[in-house]
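My request is simple: use the sequences and hints to build the entire structure.
All residue numbers for the sequence shown refer to our numbering, where the first residue is 1 and numbers rise by one.
A few of these clues could be false.
Computed list of lysine-lysine pairs in BS3-like fashion (alpha-carbon distance at most 25 Å, straight line) [unchecked claim]:
hint: 1; residue 1: K214; residue 2: K172
hint: 2; residue 1: K234; residue 2: K172
hint: 3; residue 1: K214; residue 2: K234
Hints listed in this document are in silico derivations from the structure and should not be mistaken for laboratory results.
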Amino acid sequence: MLKTCSGGVLTAGLYFQSFGDTDTRRYKSVLRHPARTVAVMRWRRGFVDRRKSEGLSRPAQWLCWVFMGLLSLAAVEAQAAENPQSSAPDAVFEFPNTPNGPEARSRAELDAFGRVMESTTAAEVISAAESFASGYPDSQLLPMVRLREMRAEMAANSYAGAVAIGRELLRKNPDNLEALVLMAETLPDFPPSYSSKREAILAEAERDIGSAQKLLQAFHLPQGASTAEFLRNKWRLVASLEEASAFVDLVAGRYPEAARKYEQALERSDGRSTVSLFRLGLAYYRMGDRQKARAKLEEAMRSNSPLIRQKAAALLRQIDSSQSASRASAAKP
Numbered sequence: 001m002l003k004t005c006s007g008g009v010l011t012a013g014l015y016f017q018s019f020g021d022t023d024t025r026r027y028k029s030v031l032r033h034p035a036r037t038v039a040v041m042r043w044r045r046g047f048v049d050r051r052k053s054e055g056l057s058r059p060a061q062w063l064c065w066v067f068m069g070l071l072s073l074a075a076v077e078a079q080a081a082e083n084p085q086s087s088a089p090d091a092v093f094e095f096p097n098t099p100n101g102p103e104a105r106s107r108a109e110l111d112a113f114g115r116v117m118e119s120t121t122a123a124e125v126i127s128a129a130e131s132f133a134s135g136y137p138d139s140q141l142l143p144m145v146r147l148r149e150m151r152a153e154m155a156a157n158s159y160a161g162a163v164a165i166g167r168e169l170l171r172k173n174p175d176n177l178e179a180l181v182l183m184a185e186t187l188p189d190f191p192p193s194y195s196s197k198r199e200a201i202l203a204e205a206e207r208d209i210g211s212a213q214k215l216l217q218a219f220h221l222p223q224g225a226s227t228a229e230f231l232r233n234k235w236r237l238v239a240s241l242e243e244a245s246a247f248v249d250l251v252a253g254r255y256p257e258a259a260r261k262y263e264q265a266l267e268r269s270d271g272r273s274t275v276s277l278f279r280l281g282l283a284y285y286r287m288g289d290r291q292k293a294r295a296k297l298e299e300a301m302r303s304n305s306p307l308i309r310q311k312a313a314a315l316l317r318q319i320d321s322s323q324s325a326s327r328a329s330a331a332k333p
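Structure representation (structure tokens):
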């Protein structure tokens, strides 16, 4: 199933394997190297279609890495929907820092990485990530593992845990673009117990946003990469930063700035984030524009997240109540 590469270097990839009549599929790792033949295992009911090539071209390597990253992010999409406070962009993107992407040095390391990405619950992700970090502290795959763990900490409502991981990532690599974006989104979402540190937290988030914006300005198309894919993911990052900046403004009480940035971010994004729609509705409500607030909150009510629907419904009731009170006051002689 797996071919050994010269030098013993393993690069993260995916294949699906069929186990006889059980029709069981399992996340596995593929050994890749640009100079060697790669076997891609495709699952079908009852048989495996095995195709060979004389090595992957650089665009193909790059696209495989992009695909793997997006699949790993999709694994936590359900958790994010249930916990909109930790909602992150659907496709926060980090280009590979080597021609083949981050590399593992052993089969065991790559399998441990797979266990982190396979885990579904927040507790499972955190446990697998901590095990990986203790076993492979110098792994090139560790930043991806820590980002996955950071999202899991937020899904588990552990603000302190998520922020600690984000700070560790940025201490080791201040230019980790994905970590900067995720920290900028996470920091303003602090629980009430952190209210006394509000100004310092918002200042830290603004620094992370500024650093990420500078990196994006120097973000160029990698050699052999798809121009369309590059631009699509770059704009997603731009929209994510605008949403993070808008959230900082909202928490700081700068409601007109927050509303403007949320509108821009929603225009840029492929989908309409219901978290952003709710926060935009809240910004308009705080500005006193009840008509716009109602429109955005009603749109947010279509969310798959029960928490977002609950919050939007509560704010809509407040709008109805305040409008009824205003009409009653106006009717008095």
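*K214 and K172: Cα distance at most 25 Å?*
holds, 18 Å
*Please work out if K214 and K234 have their alpha carbons no farther apart than 25 Å.*
Roughly 13 Å separates the two Cα atoms, so the pair holds.
*Straight-line alpha-carbon gap K234 to K172, limit 25 Å*: Since the Cα atoms of K234 and K172 sit roughly 23 Å apart, the hinted pair holds (cutoff 25 Å).
When held up to the earlier numbered hints, the structure conflicts with none and fits them all.
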